[in-house]
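Student: These protein sequence lines map, in sequence, to chains W and U.
Converting from the first sequence to my numbering requires adding 1252 to each position, the first position being numbered 1.
Converting from the second sequence to my numbering requires adding 58 to each position, the first position being numbered 1.
Derived by calculation from the structure, the hints in this document are not laboratory data.
Since the structure is predicted, the reported quantities are computational estimates derived from the model, not experimental observations.
Think of the CB as a built atom: it goes at the ideal place given N, C-alpha and C, for glycine as much as any other residue.
Among these hints, one or two may not hold up.
Stated by the list, open to error - Not everything, but these chain U residues come out facing chain W in the computed CB check (under 10 Å):
#1 D209
#2 R345
#3 L368
#4 Q369
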Amino acid sequence: MDFPENLRYTKTHEWIAVEGAKARVGVTEYAQKEISDVVFVELPKQGQAVQQAKTAAVVESVKAAFDIYAPVSGKITNANKTLESNPGLINQSPYVAGWIFELELSSPAELNTLMTAAQYHEAIHQASKH
Amino acid sequence: MPYLSLTEEEKDAMLVQAGVRSFDELIKDIPASLRDPRIVLPPSLSEPEVQDLILKLGRRNTTTQDALSFLGAGSYEHFIPAAVFEIVGRQEFLTAYTPYQPEASQGTLQAIYEYQSLMTELTGLDVSNASHYDGATSLAEAALVALKHTDRPKLLVAHSVHPHYRETIRTYLAGTPYKVEEFGFDRKGNFDREEFFAKLDTGVAGVIFQTPNFFGNVEDLEGVSEKIHANGSLMILTANPLSLGLFKSPGEWGADIAAGEGQPLGIPMEFGGPYLGYFVTSRALMRRIPGRLAGLTRDADGKRAFCLTLQAREQHIRRERAGSNICSNQALCALSACVYMTLLGKKGICEIAEINWDRATYLRKKIARLKNFEVDLAQPVFNEFRVKSNKPFVKIEEKLMAQGIFPGVALDFFYPELEDQFLVCATETKSREDLDRFVEALAKC
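Modelling step: build the complete structure from the supplied sequences, incorporating the hints.
Tutor: Shown next as C-alpha cells:
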C-alpha cells in the first residue's frame, strides 16, 4: 500500500498535505479500501471552522457512512466539488484527484501530533495483527 | 414449556428455576400494601351483553354517514371504493404491515415503492419516502431537513398554514436553538407578500406555505420560489394531494419539499387518524430524507427485487448525526393511498378534483346570494371556502345540527380575530340536492 512520504497521517486514516499555512486533506489508500465503493460525499462549506479530530465531512459507501475528521484545526477554504458528481475518485485516486477539502491552519503546532508515513504504516501494520 | 404457563406444575417448575419457594417469595420486594389492590369493576357481562353495550355507546356518536357534513379543515370526507378496503385488508398486507426483515417482504416493499412512485408523480418532485404518521409530523420533518441542510437558525411559516401543523413544528423545535417566525395573511386570507419578502433574510432556512391554505384558498405562488432560492433557503409546500389533480403541483411551483396530509387519498376521516404523512423532495435533498425509502434493484441472480435503500444516511448507522430518528412509516395508510390512486388512475384523480371544485364553487355561489352570509366569489378555491356570517355562528351551528347538518368548522377557534367566520367544505360526496338542502337551511338562519 502506498503512503506518500510528504504527507502527515491521522489515526483515523486521513492524510494532510501542508503548504505554508494551507493544507489539503483526504483519506488514505488503506481507508478507501476499508470504506469500499464510495457513492456519496458530504463536503464541508467554505468558511466553515473545523476542529482537530472533529467531523469535517462524511463519506458514504455501499457499506456505511463514515465521518472524516479534520487532522488539524482551521477554516475551510475549498472543497473538491468534482466528488459530488464523481465520488469514486476517492477510491481511484485517494491522494490526488480524490482529495476532499482544503483548509487554512489555525494552530500549526497541531501538526506535530500527526504521524509520518513510516509511523502510519507501522500503526496499521500493528492494528492488522490484532 | 408453553409461552403461557397455566398449570400448577408449570408454575412450580418456573419457581424452581427462579430459585424461590413460592410466588409470594418471588414478589416479596413489592410492598404488601401494593400487592392486592382492590379493583372496583361492575359485574362481568356475557358476550351479547357486551356487544349491546358497545353498540349503544357507539350510537351516541354522529358520523358523517348519519349527517350531512360540510366539515373539512384538514380532514376530508371522500368516497372510497370498497376495493381499497378489500385489498388493504388482505392478510398478506394487514398482518405483516411493516417489514422488520425488509427484503424478506418483497410484496410490502413493492407496495411502498409503488406508493412512492405515485407520490413523486402527483407532487412533481423526484424522491418520496415510505410515509410518515400524518401531515403535521411530515411537515415538521421537512422543517428539520431545511434547518439541517442550510445550517441556518430559523423557519418562516405562513400564518395560513394549518394551526395544528404549526403547533407540531413548534413542538418539534422546542428545546432547540431554532426559531419559528410567521408572516400573516391579507383580508382575503392569502399570504401577505410584503411581509413575507420583508422577513425573508439570510437567517431563514426554509419557508413553509400551504395551498389550498387553511382557509381553502389556492395561493398564488408566482415568483415565490425564485425569491426563496435566491436567498439560499428551501421552499416547503404542503398541499391537499387531491387538489393536485387540478392545480399546479409543488414541483411546478419550484418547491424543494412537498410534505403534508395524505388522508384525502382513500383514508377515512375516522377520529382524526390514523392518517398519512407524505414526504417528497427534489433529488438534491435525497440524502436528507427522513424515514424509510424503498428502492428497486436486482438480486444476486439479476432478477428484479425491492430493497430498503439509502440507509447509510439515516439513524441505523449515523444515529447521533441523523437529521431525524423516525424509523417507521404509516404502511397500511400508504397502501390505502397507493390502491386508491391506482384505482382512480391519472384521469380519475383529475376528474375527482374537478368534481370537488365544482361542488364547492356551486355551493359558494348559492351561499353568496343569502342575506346573512358573505363569501368571496373571486377567490380561487379547491373544495373548501370561508364564509362570514352576520349572526353568531354558534347559533347557526346549533340550529343546523338539530337538522342533521354539520355546517362547517368555526374559524375563531383557531384565529380569534375571525369571529363568526367558518370553513365550509363540499367534496364529491355531496349531491346537488345535498347542497341545496344545506343552502335552504342556512337561508332560514
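Student: Work down the list of hints and note, for each, if the structure agrees.
Tutor: Results for each hint:
The interface hint given for D209 of chain U holds, since its Cβ lies 7 Å from the closest Cβ of chain W, which is under the 10 Å cut-off. Satisfaction of the interface hint for R345 of chain U is found here, the shortest Cβ-Cβ separation to chain W being roughly 6 Å, below the 10 Å cut-off. Hint on L368 of chain U holds. Least Cβ distance to chain W is approximately 9 Å, under the 10 Å limit. Restraint check, Q369 of chain U versus chain W: the minimum CB separation of about 9 Å is within 10 Å; hint holds.
Hint violations for this structure: none, all hints satisfied.
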